[in-house]
Amino acid sequence: MHRRRRGASQQGDERIAFEKKYTEDHEWIDISSPESASIGISTYAAKALGDVVYVELPTVDTEVKKGDAIGAVESVKSASDIMTPVGGTILEVNSVLEEKPGTINKSPEGDGWLAKIKVSDTAELEGLMDAEAYRAFTEEVEDK
Amino acid sequence: MPLRHIHLPGRTSYLHAAKLQDRLVSAFLAHKAKPAQHPRPPPTVITAQFHPVYTCGRREVGTVSAEQRQYLTQPTPWGEAEFHEALRGGQTTFHGPGQLVAYPILDLKRYSLTPRCWVNMLESTVIATCGHYGVKAMRTENPGVWVSDQDKICALGVHLRRNITSHGVGLNVSTDLGWFKRIVACGLEGKGTTTLAREGVEPVPSIEKIGDVFVEKLALGLQGVDGTELVKNIEDQEALEEAYLPNADARILAVHGMGAPAVSAHKPDFVHHVPLTGEPGPSDWHRRVPSLGARGEKGGIAAAAQPVRDEHLSPTDISGAAAAPASIPECEKTVEETLETPVDSCEGVLEEDDGRRKRRRSLAKRVLNRFSGGRPIHERTSI
Numbered sequence: 001m002h003r004r005r006r007g008a009s010q011q012g013d014e015r016i017a018f019e020k021k022y023t024e025d026h027e028w029i030d031i032s033s034p035e036s037a038s039i040g041i042s043t044y045a046a047k048a049l050g051d052v053v054y055v056e057l058p059t060v061d062t063e064v065k066k067g068d069a070i071g072a073v074e075s076v077k078s079a080s081d082i083m084t085p086v087g088g089t090i091l092e093v094n095s096v097l098e099e100k101p102g103t104i105n106k107s108p109e110g111d112g113w114l115a116k117i118k119v120s121d122t123a124e125l126e127g128l129m130d131a132e133a134y135r136a137f138t139e140e141v142e143d144k
Numbered sequence: 001m002p003l004r005h006i007h008l009p010g011r012t013s014y015l016h017a018a019k020l021q022d023r024l025v026s027a028f029l030a031h032k033a034k035p036a037q038h039p040r041p042p043p044t045v046i047t048a049q050f051h052p053v054y055t056c057g058r059r060e061v062g063t064v065s066a067e068q069r070q071y072l073t074q075p076t077p078w079g080e081a082e083f084h085e086a087l088r089g090g091q092t093t094f095h096g097p098g099q100l101v102a103y104p105i106l107d108l109k110r111y112s113l114t115p116r117c118w119v120n121m122l123e124s125t126v127i128a129t130c131g132h133y134g135v136k137a138m139r140t141e142n143p144g145v146w147v148s149d150q151d152k153i154c155a156l157g158v159h160l161r162r163n164i165t166s167h168g169v170g171l172n173v174s175t176d177l178g179w180f181k182r183i184v185a186c187g188l189e190g191k192g193t194t195t196l197a198r199e200g201v202e203p204v205p206s207i208e209k210i211g212d213v214f215v216e217k218l219a220l221g222l223q224g225v226d227g228t229e230l231v232k233n234i235e236d237q238e239a240l241e242e243a244y245l246p247n248a249d250a251r252i253l254a255v256h257g258m259g260a261p262a263v264s265a266h267k268p269d270f271v272h273h274v275p276l277t278g279e280p281g282p283s284d285w286h287r288r289v290p291s292l293g294a295r296g297e298k299g300g301i302a303a304a305a306q307p308v309r310d311e312h313l314s315p316t317d318i319s320g321a322a323a324a325p326a327s328i329p330e331c332e333k334t335v336e337e338t339l340e341t342p343v344d345s346c347e348g349v350l351e352e353d354d355g356r357r358k359r360r361r362s363l364a365k366r367v368l369n370r371f372s373g374g375r376p377i378h379e380r381t382s383i
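Going down the list, the protein sequences come from chains F and S. Residue 1 is where the first sequence starts when you use full-length UniProt numbering, and the numbers rise one by one after that. Residue 1 is where the second sequence starts when you use full-length UniProt numbering, and the numbers rise one by one after that.
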């Protein structure tokens, strides 16, 4: 029987985890590949906004710093800015949202992604909340 | 903490009010970014009466053609208007003499309000203000405040950055309706505009006075706010500006934008027409918002959509309420949200990713939670 040596498993398989991190402003970023990380708004945020009628997307190749506005999501007469969780360069935008802004409501953390960014400084990802921490954060916000 | 009210006397230019608004928002953002270094500004409402100006909302930025601008700014029997682009939601509208413009600037997180609840609250406040003058106003399937299915008395458009609100409402008191007839206001074909004066209010209140009423009603709906505080003197206003501006992070100012954010103008194949009188073409409103009752689109939605009437009272609905509610007014309506429900009803049900339903907890439930030792809801035998 082929037994794995301890050494090998300690070094660990580099399993690429599909992992989202969240900001306090309810944006998410998929950090599984910092070369092309998707950004969007969380389910919580999508619910809070209501039916999205319009999405403003950034331009490809724009360089942004953490916290810069990269677009907006509009619903019921309120246009809400979206800030980028990390600095980097915008690689791609989800143009489906221009015709079908409602995709954000149907799948805010999946098909409703807004843009893909090439992360310039992966250290900035450290300060973001993981899914569990974000869940606790939103519950805390509700209980106030 | 009182709700601060800055009234800009006489008539103001749109840009001046926009600048003051931007400064206040920047101060809020600076506090959010570095709470230790920047004091939190008090919640503030700016009220004003503008020189004639047409403004368009976010979706239209970069798409209004030179011809359209020329049309909007040319001489008319009522005067000459300016044209400005704004980052607020909503489409083209008019502001001018005889209209109360109110811009509440505050942090929604402090009051546990979602953007929808905020819009709902603004509408409630306007309805209450109209009620104060004996005009029965209401909501319909389209946002804003209406006196009938046809006639809109107040337009609404809000901008949010990190939950800090800006822009707000434009309530017609004695506005010259000719200005509105030149555009399809808010992109709504076939709808009209009205004013308090046209609805029979006599004597017509001054903008300052009706601004007071609006701010008072708004203060009633905000948890933790007691009373209002009027800033009247020009000197006081300038002092306020000074107090709020200097320490704000320059980058925050630049990013928030006395101007547009770091995004592009729209691509050419995405042109949206600002509908002008006499121009044929679909109303952009109907094309983009099938879920809000566009005629004939998506079948069942249009048929089932019902206007949200007064009976959809949320705890934040203060139309007719004389006193502040005793319990904390949380946005807690239990209206099930389906596609048929008009968007501007606030509902308190959140769905987690995995399908668990989690209700926003009411005050009563929080109390019970404490008594039951904090066990999760699904483990308790009874609630």
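No lab work stands behind these hints, which were simulated from the structure alone. Hints may contain errors.
Said to hold, decoys possible - For lysine-lysine, the following DSS-like pairs were computed, each having C-alpha atoms within a straight-line distance of at most 27 Å:
{"id": "1", "chain 1": "F", "residue 1": "Lys118", "chain 2": "F", "residue 2": "Lys66"}
{"id": "2", "chain 1": "F", "residue 1": "Lys65", "chain 2": "S", "residue 2": "Lys109"}
{"id": "3", "chain 1": "F", "residue 1": "Lys66", "chain 2": "S", "residue 2": "Lys181"}
As the list claims (entries may be wrong) - Some chain F residues flagged as far from chain S (calculated, every beta-carbon gap over 12 Å):
{"id": "4", "residue": "Ser32"}
{"id": "5", "residue": "Pro34"}
{"id": "6", "residue": "Ala69"}
{"id": "7", "residue": "Leu91"}
{"id": "8", "residue": "Glu92"}
{"id": "9", "residue": "Asp121"}
{"id": "10", "residue": "Glu124"}
{"id": "11", "residue": "Leu125"}
Said to hold, decoys possible - In silico contact screen, one side only, chain F against chain S (beta carbon under 8 Å); selected entries:
{"id": "12", "residue": "Gly50"}
{"id": "13", "residue": "Tyr54"}
{"id": "14", "residue": "Ser75"}
{"id": "15", "residue": "Ala79"}
{"id": "16", "residue": "Asp130"}
Quick reminder that beta carbons are idealized off the backbone N, C-alpha and C, glycines included.
TODO: Please name the hints from earlier in the document that this structure breaks, with their numbers sorted from lowest to highest.
DONE: Structure breaks hints 3, 6, 16.
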